[in-house]
Amino acid sequence: MSIAVPASSAPDSAPAPAPTATQIPAPIPAPAPTPAPAAAPAPASACPPPPSPESPAAVRGSARRPLAAALLAAALTAAPGARAAADSGQGAPRPPEGASAVLDGLKTYGQAVLRSGDGSVRQIPAGLYEMRVDGGGMLQTYGVGVTGNAQPQSRYTESGWGRSPLAGNREAGRIRWVLEHSYPQLNDLADLAKAAGAGSLTAESAAAGTQVAIWRLADGVNVEATDPAAEKLADYLQRAAGQLPEPPASLGLDPGDVSGAVGTRLGPVTVRTGARSVSVIPDAAAVAMGVRVVDAEGQPLTTAVNGSRLYFEVPAGTPDGTASVTVQGATKVPVGRVFTGELPMQAQIVAGSSESAAAATATALWPQPPATAVGTTPGAAEGTAGEAGSGSTVEAMGAQSGALPTTSPDEERLATSGSSAATPVIASLAVGLVVLGGLVVLLLRKRPQDEEDQA
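The sequence shown lines up with residues 0 to 454 when you count with numbering that gives the first Met the number 0.
FYI, nobody ran anything at the bench for these hints, they're computed from the structure.
In this text, all values refer to a predicted model and were calculated from it rather than measured experimentally.
Check each hint, because a few of them may be wrong.
Under the rule of at most 30 Å between Cα atoms (straight-line distance), these lysine-lysine pairs were calculated in the DSSO-like manner [stated by the list, open to error]: (1) Lys193 / Lys231; (2) Lys331 / Lys193; (3) Lys193 / Lys106; (4) Lys331 / Lys106; (5) Lys231 / Lys106.
Starting from the given sequences, assemble the full structure and let the hints guide the process.
Structural data, given as structure tokens:
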């Protein structure tokens, strides 16, 4: 496990000046007009020569051309960019499930030697970390990979294998086996040493040997423990490791997002946890709108257990909106769960846990049912108010209407709360039209000014 060391700061030096060719010239002010002399006007045949390329008129014209090109490019690119953003459909990231923790640092460790493919050899610490869980609790963890920094006071959140460096790693199940069959889960070091044929083990050598075995499985690197007993333990764990499934989250809600129409129950959302019981807390917005979190029978829920099914009960007439519910509890984080950070850093994998605080959140979305128009003739859909005499009628299907016409999945569209996917496109087109209008005005003003300069 490499510990990041700040690189020495480079000596101060004056920044190199940018090449003259890339500098944007300052605008050249137009010369002040010269008053006409009191003498008789010049003959009509005396005309000033056409402006040279360096004259103010030429400079103004050349300066306007790049500006016009830039404005035109901005107008043409605004709409496609906004459309791409609207079509991406990417929402806010889902809140983390389970525990959140801060890394305290490397606590129980030995040394290892890492041999890189370029022939370099480094001695690095290898062992067991400790983490403090937000809301209470402690974790013991190993580094998932040999690369990356594990900085004390870095913040981590619980994660599944698929959102960690173990995603797609076929050795992930064997790494969990190592964690379940070594220190600190097996804290009888005499028995562990006997199984590994390692003579005797200390907590430090057991932690170092376990970390080396995890690095080999996770990264396939050439790394060895410097302590002979730790090296024998690493060899034994790597050789004996079998496959185990991914452990569940300490606390989770499945699914994390539900949707439906007002006047119904949205869900279910199933609680997944090892806690004996968890509290159920609707957000303030839900309470203010009269939205309740209930069970399948419509009874309000304040607590839940593993397997409980939650529903959002949205009263009829509630405006479009969203609400969320948070479940909180205390449980041990399962061995093999991964903790990752927002910044690039070494992920941690749980080797031991005390009773720790955990939480999970689910969100509900309820759009109003859209009004559906049904025509009595094939041309009714395209009809207008002026065509009422042609015999086509249009009926708005409301809440009291009968069966609604069936639409295909490709035709189905859900209303969104407060905005539409077309809003960015309309806004960008409006901006583009304003820019183009300004460009036209600029070009129209250019011609009289140039003629005045040439007069």
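30 Å Cα cutoff - pair Lys331, Lys193:
Distance of about 29 Å is within 30 Å: holds.
So if I understand the rule, the pair passes when the alpha-carbon distance is 30 Å or less; does Lys193 with Lys231 pass?
Distance of about 11 Å is within 30 Å: holds.
For the pair supplied as a hint, Lys231 and Lys106, is the alpha-carbon distance within the 30 Å limit?
The given pair, whose Cα atoms are some 22 Å apart, holds under the 30 Å limit.
Hint check: Lys331 vs Lys106, CA-CA at most 30 Å. Holds or violated?
Status holds; Cα separation ~20 Å.
Restraint check for Lys193 with Lys106, where alpha carbons must lie at most 30 Å apart
Holds, at about 25 Å.
Hint compliance for this structure: every hint is met.
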